[in-house]
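**Student:** Here is how the chains run, residue by residue.
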Amino acid sequence: GDSVTQMEGPVTLSEEACLTINCTYTATGYPSLFWYVQYPGEGLQLLLKATKADDKGSNKGFEATYRKETTSFHLEKGSVQVSDSAVYFCALSEIRESGYSTLTFGKGTMLLVSP
Amino acid sequence: ETGVTQSPTHLIKTRGQQVTLRCSSQSGHNTVSWYQQALGQGPQFIFQYYREEENGRGNFPPRFSGLQFPNYSSELNVNALELDDSALYLCASSFYRGNSPLHFGNGTRLTVT
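Protein sequence lines, in the order shown, are assigned to chains A and B. Okay, so the first sequence: first residue is 10 according to the working numbering, each after it adds one. Okay, so the second sequence: first residue is 924 according to the working numbering, each after it adds one.
Fair warning: there could be bad hints in the mix.
To be verified - Only some residues are given here: those of chain B computed to face chain A with a beta carbon under 8 Å: (1) PHE968; (2) TYR973; (3) GLY981; (4) PRO1024.
To be clear, the hints were calculated from the coordinates, so they are not data collected in a lab. Glycine included, every Cβ here is placed at the ideal spot set by N, Cα and C.
Isolated chain A (complex conformation):
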């Protein structure tokens, strides 16, 4: 079945440092890939997405490129801010035979940014 593996946290960085959170996936078909962010006490917010190989998703300075050859979708940001502290989830979505789609999530990576 489908699965998503992402690096364990917490990832602790100083403000303005570079960020990379690794994510790899296993899927039977051609999934869409997503990064969601969860701030304390809140639900999930879509951060970025990519729907096919070599697509790059980007938002709020974050980027991730859909790499089919390495089945990866690593999240990167050049300069993190304290406000980026949150839990980040990598996820994939595939359309099932009956026409519905589900998200399969990784376990999440907590990012802590200090001033």
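Given chain A, put chain B in place with the hints provided.
**Tutor:** Just chain B now, with coordinates in the frame of chain A:
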């Protein structure tokens, strides 16, 4: 536009009891999905409702059931609560049941004692 709202925000129940969680979908969205997020884990898909019918289900027992109403709001019902049901329950709505983006509510924190 109004986002996804869930109620209640927190709930404490005793093992063996039954619980109902509620979700109002985002305006214009006809599909609702429910996810269970255990502490320190990623969300797990429970089921999806489209046009008032369940059209997809994850690996959850039948004591997890749901409803979708004509206004596309939804309920998640859990019977015979177990301690392992303690989790954050997330509702997400989308414009269509395919690969359209999911919009999540803030969740209901259920604690079973």
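**Student:** Taking the hints in turn, state whether each one holds.
**Tutor:** Hint check:
no., hint, verdict
1, PHE968, "holds (4 Å)"
2, TYR973, "holds (7 Å)"
3, GLY981, "holds (7 Å)"
4, PRO1024, "holds (6 Å)"
Every hint, counting from the list given before, is met by this structure.
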